[in-house]
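Engineer: If you want the building blocks of each chain, they are given just below.
2 protein chains.
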Amino acid sequence: MSSVKNPLILRQLFHKETSTYTYLLACGNTKEAVLIDPVLDCVERDLKLLQELGVHLVYGMNTHVHADHITGTGKLKEALPDCKSVLGSKSGARADVYVAQDENVKFGNLALECRSTPGHTNGCTTYVLHEHEMAFTGDALLIRGCGRTDFQQGSPSVLFESVHSQIFSLPKHYKLYPAHDYKGVIFHIILLLLFLSMWHFFFPGFSVTTVEEELAHNTRLTKTKEEFIKIMDNLNLPYPKRLDESLPANLMCGVTDPVPS
Amino acid sequence: MSSVKNPLILRQLFHKETSTYTYLLACGNTKEAVLIDPVLDCVERDLKLLQELGVHLVYGMNTHVHADHITGTGKLKEALPDCKSVLGSKSGARADVYVAQDENVKFGNLALECRSTPGHTNGCTTYVLHEHEMAFTGDALLIRGCGRTDFQQGSPSVLFESVHSQIFSLPKHYKLYPAHDYKGVIFHIILLLLFLSMWHFFFPGFSVTTVEEELAHNTRLTKTKEEFIKIMDNLNLPYPKRLDESLPANLMCGVTDPVPS
Chain D
119 MSSVKNPLIL
129 RQLFHKETST
139 YTYLLACGNT
149 KEAVLIDPVL
159 DCVERDLKLL
169 QELGVHLVYG
179 MNTHVHADHI
189 TGTGKLKEAL
199 PDCKSVLGSK
209 SGARADVYVA
219 QDENVKFGNL
229 ALECRSTPGH
239 TNGCTTYVLH
249 EHEMAFTGDA
259 LLIRGCGRTD
269 FQQGSPSVLF
279 ESVHSQIFSL
289 PKHYKLYPAH
299 DYKGVIFHII
309 LLLLFLSMWH
319 FFFPGFSVTT
329 VEEELAHNTR
339 LTKTKEEFIK
349 IMDNLNLPYP
359 KRLDESLPAN
369 LMCGVTDPVP
379 S
Chain E
119 MSSVKNPLIL
129 RQLFHKETST
139 YTYLLACGNT
149 KEAVLIDPVL
159 DCVERDLKLL
169 QELGVHLVYG
179 MNTHVHADHI
189 TGTGKLKEAL
199 PDCKSVLGSK
209 SGARADVYVA
219 QDENVKFGNL
229 ALECRSTPGH
239 TNGCTTYVLH
249 EHEMAFTGDA
259 LLIRGCGRTD
269 FQQGSPSVLF
279 ESVHSQIFSL
289 PKHYKLYPAH
299 DYKGVIFHII
309 LLLLFLSMWH
319 FFFPGFSVTT
329 VEEELAHNTR
339 LTKTKEEFIK
349 IMDNLNLPYP
359 KRLDESLPAN
369 LMCGVTDPVP
379 S
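One line per chain: the protein sequences are D and E, in this order.
Position 6 of the first sequence, counted from 1, bears residue number 124 in the working numbering, the numbering being contiguous throughout.
Position 214 of the second sequence, counted from 1, bears residue number 332 in the working numbering, the numbering being contiguous throughout.
Simulated from the structure, these hints should not be mistaken for laboratory data.
None of these values were measured; they are calculated from a predicted model.
Each residue gets a CB set at the ideal place from its N, CA and C atoms; glycine is no exception.
Check the hints yourself; a few may be wrong.
[To be verified] Restricting the straight-line Cα-Cα distance to at most 30 Å, the calculated cross-link-like pairs of lysine-lysine (DSSO-like) are:
1) K341(D) / K149(E)
2) K123(D) / K149(E)
3) K293(D) / K290(E)
4) K149(D) / K202(D)
5) K208(E) / K290(E)
6) K343(E) / K166(D)
[Claimed, not checked] Okay, the calculated bits of chain D under chain E, using three or more residues with CB under 8 Å as the criterion:
7) 129–136
8) 160–170
9) 212–226
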């Protein structure tokens, strides 16, 4: 096997209002691209960037059914009819392609391995790009934290097992890219904190981590399973502000996805 | 010459209030590190990250004397007395090490080449890491935009020449990392826009670009020099909100830098 890697175009994009990271990945050879966790509000930005980079979107993928923002997948599909939506097979939501454990999502000469990482939601999927030694963890693992487990089929016990068996088992130097830059607090608290100049406490401003870093420094997932469950069961987080609009839309692949006949 | 690169640890860090990017670079072999454009408000975060990564800060570098936030260099030096501050020789501000065109800043087995890129300020310096095919452009070049040129020795004509001769002359595939994610608008306008949900217009959420992308898609620097000067002379931007506190502090390497005897 050649040690020369297939070139990757990678762009980490940020939606400031919900602190959501979207990832554009494209095969440098064939220009086939995927977007992981696109945000409805940013679809125009993403379409423009795809065009500017000269890449062709084949999949709009989500790591899970989001509760804090509406996915851009439906609107992307409207603009780019060749694009297919991808979700974990246990998500309970609509998608063109459902992926299960160990399946691959191919774009050009590159492939994302799907790892089922439930616990934040049932359908949570981590996408691993082995050739470039990185993984996209969604809300299963955040930098120094993790997604909440108190609604949408959440389970701290299941999440603990998912992260340890599917993410922490990757080689230590693998880079991990999460779906958000925050530590599990919710947007309407943050808005207030903005004006108290306390952003940096809840939005540390990190963009990437590694397996090794999280094994050593994750504030929750370095604990024992029992301690982790206790922490997660006592977070007492408020109801996500945008859940009532986000969840129904995301179960249908975003607001503009056409209703099936 | 060996084709095996000296490993680089790179972290792009974000200060949300001023949309400033700070870059942590460390030599993966020796663990010597530099911070480019550290922010005073984020020094505790940065110190913690340095410790967690097990790296040793040798330089706190600035691409220029900032007008929108206070540099973290002074406070970093207070916590880490071995760390030296670095600035462009034409900055007119205080630093331990002044760098001029073509000089190198070494950290471990890696080195940043200094390129003088005045126009936003006189002392603006772009730091190029040739071994990893990337450059840190400060405010000289932003993604699809550039820094303002209407105060602090700014000159659109000089900036145009700087970017074209020192940045656009790099190989097309080089990655470019800017000091900010915005398009030249100012913070107190943005605060208002937050509540009008217009973030994405002024904060596109981009984190990296390439020489090739900016040569093709920069909204200002793809114009002729005459057109560029006209654009920059007619921006009519308001006075930076934090200039009155930032500039005097940054001329002294950050508020906590001791006064020389």
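Engineer: For every hint, state whether the structure bears it out.
Structural biologist: Consistency of the hints with the structure:
1. K341(D) / K149(E): 28 Å, holds
2. K123(D) / K149(E): Satisfied, since the Cα-Cα distance of roughly 26 Å is no more than 30 Å.
3. K293(D) / K290(E): It holds: about 25 Å lies between the C-alpha atoms, which stays within 30 Å.
4. K149(D) / K202(D): 16 Å, holds
5. K208(E) / K290(E): 28 Å, holds
6. K343(E) / K166(D): 25 Å, holds
7. 129–136: Three-residue rule met by the region 129–136 of chain D, so holds; n is 7.
8. 160–170: holds (count 4)
9. 212–226: violated (count 0)
Of the hints listed earlier, the one the structure fails to meet is number 9.
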